[in-house]
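2 protein chains.
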Amino acid sequence: MLGIELNRKSELKLWRQIYQALKDLMLSGKLKAGEALPSTRELARELNVSRNTVCEAYNLLIAEGFIISRQGTHTRVSDGLFIESVEPPLSPKITNNAALSISVDFRTGRPDLSQFPRFLWRQLLHKVSEELPLEAFSYTGPQGLPELRREIAAWLFRNRGLNVSPDDIFITAGATHGLNLIADILCRDNQKILIEDPCHIGMLDTFINKGCSIVPIPVDTEGMQTDYLLRCQKTGPIYVTPSHQFPLGGILPASRRAALVRFARENDLYIIEDDYDSEFRYSGKPIAPLYTIDPQRVIYVGTFSKVAFPALRIGYVILPHRLQARWCDLRTHTDVQNPSFEQAALTEFLRTRKLDRHVHKMRKIYSQRRKVLLESLEEAFGSEWVAYGDSAGLHVAIDFPGMLFGEAFYNCCLQNGLYITPVESHCIEKGRHQSKLLIGYGHLEPDVIRNGVVLLSDIIKKLDI
Amino acid sequence: MLGIELNRKSELKLWRQIYQALKDLMLSGKLKAGEALPSTRELARELNVSRNTVCEAYNLLIAEGFIISRQGTHTRVSDGLFIESVEPPLSPKITNNAALSISVDFRTGRPDLSQFPRFLWRQLLHKVSEELPLEAFSYTGPQGLPELRREIAAWLFRNRGLNVSPDDIFITAGATHGLNLIADILCRDNQKILIEDPCHIGMLDTFINKGCSIVPIPVDTEGMQTDYLLRCQKTGPIYVTPSHQFPLGGILPASRRAALVRFARENDLYIIEDDYDSEFRYSGKPIAPLYTIDPQRVIYVGTFSKVAFPALRIGYVILPHRLQARWCDLRTHTDVQNPSFEQAALTEFLRTRKLDRHVHKMRKIYSQRRKVLLESLEEAFGSEWVAYGDSAGLHVAIDFPGMLFGEAFYNCCLQNGLYITPVESHCIEKGRHQSKLLIGYGHLEPDVIRNGVVLLSDIIKKLDI
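As they're listed, the protein sequences go chains A and B. Its first residue numbered 1, the first sequence is counted upward by one per residue in the working numbering. Its first residue numbered 1, the second sequence is counted upward by one per residue in the working numbering.
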């Protein structure tokens with residue numbers, strides 16, 4: 001009698017329950033090396049199951065080497081099976097922070113997805129999925145679907161005046177993914193990387209995770225202060241957001257662009273241009289990428305997370321020729337390629353100019369929301385504040401000269417249901433931007449924006465900052 | 001007269017053509033620092049366009065800092081713009097190998113996609129895309145959709161007897177992607193990793209790319225020879241394919257499994273279990289994962305590339321609790337998450353048991369093809385060969401004792417339209433498996449398999465190997 005109990009209502013088949021029970025007995029040492037097992041006939045009778053069921057269990061145990069069966073003798077337990085059992089640790093879950101109730105979420109980088117033409121997207125997805133050839137279900141290559149790269153090239157040409165060959169475009173799973181592969185290519189072995197300060201902290205963490213050593217270059221209202229580059233003793237690739245500096249919003253002026261490219265050429269460096277949201281510029285046309293100045297020196301990083309939707313996970317990089325073979329090799333060995341269906345649907349979305357139309361519509365909406373935000377700030381604070389940077393993007397940095405926003409302030413905001421980010425949280429060198437707040441408005445309805453500013457004003461008054 | 005020529009048939013708007021032409025003139029030094037530009041009225045007349053068109057161009061050039069406009073004076077070119085122009089290199093393309101015409105492609109790891117229920121998949125994709133809530137278009141978290149993780153847990157329970165919580169399952173973009181993140185977590189700073197030899201060379205490259213230092217552990221017909229572990233001076237995480245060793249096909253016996261887990265415990269190491277194709281076992285039930293023996297010591301890596309289709313890009317890992325927070329942090333900073341639509345469609349595919357049915361069907365088909373292959377080999381070579389390993393998977397390693405397959409042989413195969421992989425190409429230490437060939441049969445129709453074996457036999461005879 002082995003004491004096996006079967007649960008006839010379980011989804012687990014009976015043979016597997018027997019197999020599992022025998023295995024547990026052997027691993028825990030209750031059935032010992034060399035010990036004879038009952039014959040399949042005996043065990044079947046004892047458990048009231050068919051003999052075939054027991055045979056299935058025995059066969060898998062034989063295949064896995066738990067028991068040894070020789071003709072004419074009993075089936076016996078193999079040697080060397082005993083392992084001390086370990087109790088699984090208790091309360092293993094990743095615990096989330098106690099969810100605070102947030103009524104106004106001023107976080108940055110969130111597009112308004114409720115405006116995205118989801119019905120149309122589904123139609124396109126359905127259409128392309130019907131047309132996708134059999135080969136599209138297999139490996140389709142690390143560079144991304146050729147049709148998608150063609151459409152991206154056309155989109156960049158008609159919207160940004162960028163003249164780029166589809167052969168130089170490499171599909172990614174978004175900007176972060178693109179930056180990761182670039183870091184793998186450029187920043188091995190404790191390599192220096194020159195980065196705007198402040199910059200996007202998530203992106204900074206990406207480079208730190210790769211073991212890069214960070215050299216901060218200060219930023220002013222016009223973006224990276226390229227004069228500082230010349231003072232750098234040690235150089236490495238340069239990361240910039242020239243069209244709309246994150247988070248301060250400056251446009252890098254032409255003379256600094258030229259200085260940057262000259263510096264990169266003199267030191268044989270690459271420039272990584274992160275163009276994360278420059279499609280949304282409200283006071284004029286989108287700024288031309290730095291890439292146009294020197295396509296063999298600048299790596300351009302773009303994404304569809306903001307102009308389409310984040311869960312799409314499609315972005316792209318435009319790579320200098322010298323890096324292309326290495327990129328393909330690396331992509332093949334990290335995550336192989338993007339899935340096919342989204343690539344095909346985005347191709348169609350671009351081809352039919354639906355994305356152009358969507359961006360056009362969103363530019364108006366975001367521009368309107370920005371206006372509401374700035375008007376609300378004026379109502380609440382008069383002239384005690386300055387909006388930083390160009391009129392573009394989904395967020396704005398607001399400077400309140402003379403104020404200092406510290407931990408107490410941000411905690412008080414959270415407790416009052418207001419989520420707001422300090423510019424300081426994106427700073428490498430701390431202490432220089434404590435009077436600035438980041439307000440993301442793109443995803444918020446005008447009323448929510450107005451309420452948020454009132455809430456902010458109340459908190460500032462209450463804490464007497 | 002600036003000599004600007006406009007193309008009125010171009011998709012590039014006229015204002016952008018003017019903007020581009022002026023920029024080129026400034027960057028190339030033909031328009032020099034301080035030089036005055038014509039007024040917008042003059043240029044509009046000269047180019048026969050509306051004044052607004054010229055204003056658009058001038059406004060963007062002002063925003064980008066190329067020109068400076070002060071009231072009452074001429075618009076002038078900014079300082080410091082000149083950059084020496086660089087000719088883009090010629091013939092930049094990544095060149096593919098001259099395409100040889102392959103009539104029989106015995107490569108490994110390819111499922112037969114023509115059998116995949118594509119129509120059904122499209123229906124499911126369409127259905128879930130209609131039901132996906134708005135939130136699914138935004139960031140849905142680094143761990144993957146909870147519903148998908150629940151369905152994977154249920155699938156593992158009913159098919160493998162694996163009792164795992166959905167909280168411990170982490171969605172990946174396939175096995176390679178999972179192994180990359182694991183390597184990032186476990187193998188920093190030149191860490192040793194103990195790897196089966198032979199092993200999958202692509203996976204090996206992944207670890208080498210991370211800077212891991214490779215310690216090969218020899219493999220025999222029963223998988224990793226765990227006795228060699230005890231002789232290792234330096235230890236690190238251990239990579240194994242215990243259910244179906246790649247490429248030789250052995251099942252790691254229970255005593256070696258126990259030895260492996262004891263060794264990992266004594267040295268406080270993790271075991272990485274790559275379960276790449278064990279759903280397809282033809283002589284009995286799928287082998288139980290090593291994971292079942294010690295869930296806090298074994299990292300289980302699974303994929304849907306073989307059982308569904310490669311372009312799906314969905315796999316999963318089951319992680320010990322201690323590694324989960326680090327995984328989420330790392331995923332957030334590398335490629336953020338999987339796209340939503342495929343995850344939702346796969347959820348439905350699992351929930352409705354369509355994947356169970358597909359695997360069941362494919363097991364029969366692959367088993368039949370394996371039989372055809374072995375019969376053809378017998379017809380062509382009599383008893384001069386041995387099939388290695390368990391009756392499972394999409395490929396088999398064939399040993400031809402006494403023969404030595406070298407470069408001349410593989411070149412001759414290619415020239416005759418036969419693609420076949422040497423086991424040696426997957427070896428870390430070379431020279432021990434030169435008599436073995438890898439034949440992938442899963443994706444091939446019986447006739448193609450038969451022709452391939454005849455072709456192989458002809459080549460072997462011709463070269464007198």
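Everything labelled a hint here was simulated from the structure, so no lab data went into it. Keep in mind that the hints are not guaranteed to be accurate.
One copy or two, either will do: identical chains are not told apart, so a pair holds if it fits within one copy or between any two.
Simulated pairs of lysine-lysine, DSSO-like, Cα-Cα distance not exceeding 27 Å [what the hints assert, rightly or not]:
1. K234 to K354
2. K354 to K371
3. K354 to K127
4. K9 to K127
5. K364 to K32
6. K285 to K361
7. K354 to K9
8. K364 to K13
9. K361 to K30
10. K13 to K32
11. K462 to K30
12. K13 to K285
13. K430 to K192
14. K9 to K285
15. K127 to K285
16. K461 to K13
17. K462 to K234
18. K127 to K32
19. K461 to K430
20. K9 to K371
21. K30 to K364
22. K461 to K127
23. K364 to K354
24. K13 to K234
25. K9 to K462
Going down the list of hints, with the structure as the test:
{"no.": "1", "hint": "K234 to K354", "in the structure": "neither (46 Å within a copy, 58 Å between copies)"}
{"no.": "2", "hint": "K354 to K371", "in the structure": "within (26 Å within a copy, 52 Å between copies)"}
{"no.": "3", "hint": "K354 to K127", "in the structure": "both (15 Å within a copy, 22 Å between copies)"}
{"no.": "4", "hint": "K9 to K127", "in the structure": "neither (43 Å within a copy, 32 Å between copies)"}
{"no.": "5", "hint": "K364 to K32", "in the structure": "neither (76 Å within a copy, 37 Å between copies)"}
{"no.": "6", "hint": "K285 to K361", "in the structure": "within (14 Å within a copy, 57 Å between copies)"}
{"no.": "7", "hint": "K354 to K9", "in the structure": "between (53 Å within a copy, 22 Å between copies)"}
{"no.": "8", "hint": "K364 to K13", "in the structure": "between (60 Å within a copy, 20 Å between copies)"}
{"no.": "9", "hint": "K361 to K30", "in the structure": "neither (71 Å within a copy, 39 Å between copies)"}
{"no.": "10", "hint": "K13 to K32", "in the structure": "within (26 Å within a copy, 83 Å between copies)"}
{"no.": "11", "hint": "K462 to K30", "in the structure": "neither (69 Å within a copy, 59 Å between copies)"}
{"no.": "12", "hint": "K13 to K285", "in the structure": "between (65 Å within a copy, 12 Å between copies)"}
{"no.": "13", "hint": "K430 to K192", "in the structure": "within (20 Å within a copy, 38 Å between copies)"}
{"no.": "14", "hint": "K9 to K285", "in the structure": "between (66 Å within a copy, 21 Å between copies)"}
{"no.": "15", "hint": "K127 to K285", "in the structure": "neither (33 Å within a copy, 39 Å between copies)"}
{"no.": "16", "hint": "K461 to K13", "in the structure": "neither (67 Å within a copy, 50 Å between copies)"}
{"no.": "17", "hint": "K462 to K234", "in the structure": "neither (47 Å within a copy, 61 Å between copies)"}
{"no.": "18", "hint": "K127 to K32", "in the structure": "neither (61 Å within a copy, 53 Å between copies)"}
{"no.": "19", "hint": "K461 to K430", "in the structure": "within (25 Å within a copy, 74 Å between copies)"}
{"no.": "20", "hint": "K9 to K371", "in the structure": "neither (63 Å within a copy, 37 Å between copies)"}
{"no.": "21", "hint": "K30 to K364", "in the structure": "neither (73 Å within a copy, 38 Å between copies)"}
{"no.": "22", "hint": "K461 to K127", "in the structure": "neither (56 Å within a copy, 52 Å between copies)"}
{"no.": "23", "hint": "K364 to K354", "in the structure": "within (16 Å within a copy, 45 Å between copies)"}
{"no.": "24", "hint": "K13 to K234", "in the structure": "neither (65 Å within a copy, 43 Å between copies)"}
{"no.": "25", "hint": "K9 to K462", "in the structure": "neither (62 Å within a copy, 62 Å between copies)"}
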